[in-house]
Amino acid sequence: ILNVEQSPQSLHVQEGDSTNFTCSFPSSNFYALHWYRWETAKSPEALFVMTLNGDEKKKGRISATLNTKEGYSYLYIKGSQPEDSATYLCARLRSSSNYKLTFGKGTLLTVNP
Amino acid sequence: SAVISQKPSRDICQRGTSLTIQCQVDSQVTMMFWYRQQPGQSLTLIATANQGSEATYESGFVIDKFPISRPNLTFSTLTVSNMSPEDSSIYLCSVEFGGVSGANVLTFGAGSRLTVL
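Taken in sequence, the protein lines are chains A and B. At position 24 of the first sequence (counting the first as 1) the number is 24 in our numbering, and the numbers step up by one without a gap. At position 39 of the second sequence (counting the first as 1) the number is 39 in our numbering, and the numbers step up by one without a gap.
If you're looking for bench data, these hints aren't it; they were derived computationally from the structure. It cannot be assumed that every hint is accurate.
So the derived list for chain A, only partly shown, Cβ under 7 Å to chain B, looks like this [to be verified]:
1. 43
2. 46
3. 49
4. 100
5. 103
6. 105
7. 113
Below, in silico cross-link-like pairs of lysine to any residue (SDA-like), each with a Cα-Cα straight-line distance of 20 Å or less [claimed, not checked]:
8. A:42 - B:11
9. A:105 - B:26
10. A:100 - B:50
11. A:105 - B:59
12. A:42 - B:113
13. A:105 - A:79
14. A:42 - B:22
15. A:42 - B:3
16. A:58 - A:45
17. A:78 - A:16
18. B:7 - B:59
19. B:7 - A:13
20. A:105 - B:41
21. B:7 - A:105
22. A:42 - B:59
23. A:57 - A:41
24. B:7 - B:29
25. A:100 - B:7
26. A:42 - A:85
27. A:105 - B:38
28. A:105 - B:22
29. A:42 - B:60
30. A:105 - B:11
31. A:78 - A:32
Since the structure is predicted, the reported quantities are computational estimates derived from the model, not experimental observations. Virtual Cβ for every residue (Gly too), placed ideally from N, Cα, C.
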């Protein structure tokens, strides 16, 4: 994998469903992985920064895992709510010496009431 | 965390014209970043705006097309010059700021959605 890839591109779930999506990235020269949530007409908002293989982070109903050896991260949302509807972006930090991120195209989540 | 005000929030522009986007931060920050998201594409870094020196551009972006100013530690502008329909995008400014669990993350403005006819 040369770039950051996210799947699926979009997802529709019913309120109360749990869901998850994937971020894949080059496993070599890994420094950090970021997850952001971007609601329509708002600013992207940071969810997690993950740096260590096996990391698990949690924020309310949202959690994320990281596998740096195989180059993937999963984002999980438990009991989805309509307010979870947003685009979820992951981004890979390019190096430790500057602050440049390479983003995936995002997963657009729509939670139907 | 930092609060970023970005304007305009949206605009419709004619081909061949130029538009300047402004970004104001409520704290002094060393680096400010300008990103672009074209339809269906990833957020892509255009350049890093440095106070007191020229901006640093990423591969594929040039100063003549995207001139940047950074007059002080709280303000920056990005100009999209001689626009074509391919420049229709969301443009976001961002800063690095401590936030999530002590790790530095990007804080973004709300974006400027440009449509070029």
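Checked hints:
no., hint, verdict
1, 43, "4 Å, holds"
2, 46, "4 Å, holds"
3, 49, "4 Å, holds"
4, 100, "6 Å, holds"
5, 103, "4 Å, holds"
6, 105, "5 Å, holds"
7, 113, "25 Å, violated"
8, A:42 - B:11, "16 Å, holds"
9, A:105 - B:26, "29 Å, violated"
10, A:100 - B:50, "14 Å, holds"
11, A:105 - B:59, "19 Å, holds"
12, A:42 - B:113, "12 Å, holds"
13, A:105 - A:79, "24 Å, violated"
14, A:42 - B:22, "17 Å, holds"
15, A:42 - B:3, "13 Å, holds"
16, A:58 - A:45, "15 Å, holds"
17, A:78 - A:16, "8 Å, holds"
18, B:7 - B:59, "26 Å, violated"
19, B:7 - A:13, "34 Å, violated"
20, A:105 - B:41, "6 Å, holds"
21, B:7 - A:105, "24 Å, violated"
22, A:42 - B:59, "28 Å, violated"
23, A:57 - A:41, "27 Å, violated"
24, B:7 - B:29, "19 Å, holds"
25, A:100 - B:7, "23 Å, violated"
26, A:42 - A:85, "12 Å, holds"
27, A:105 - B:38, "10 Å, holds"
28, A:105 - B:22, "25 Å, violated"
29, A:42 - B:60, "27 Å, violated"
30, A:105 - B:11, "23 Å, violated"
31, A:78 - A:32, "24 Å, violated"
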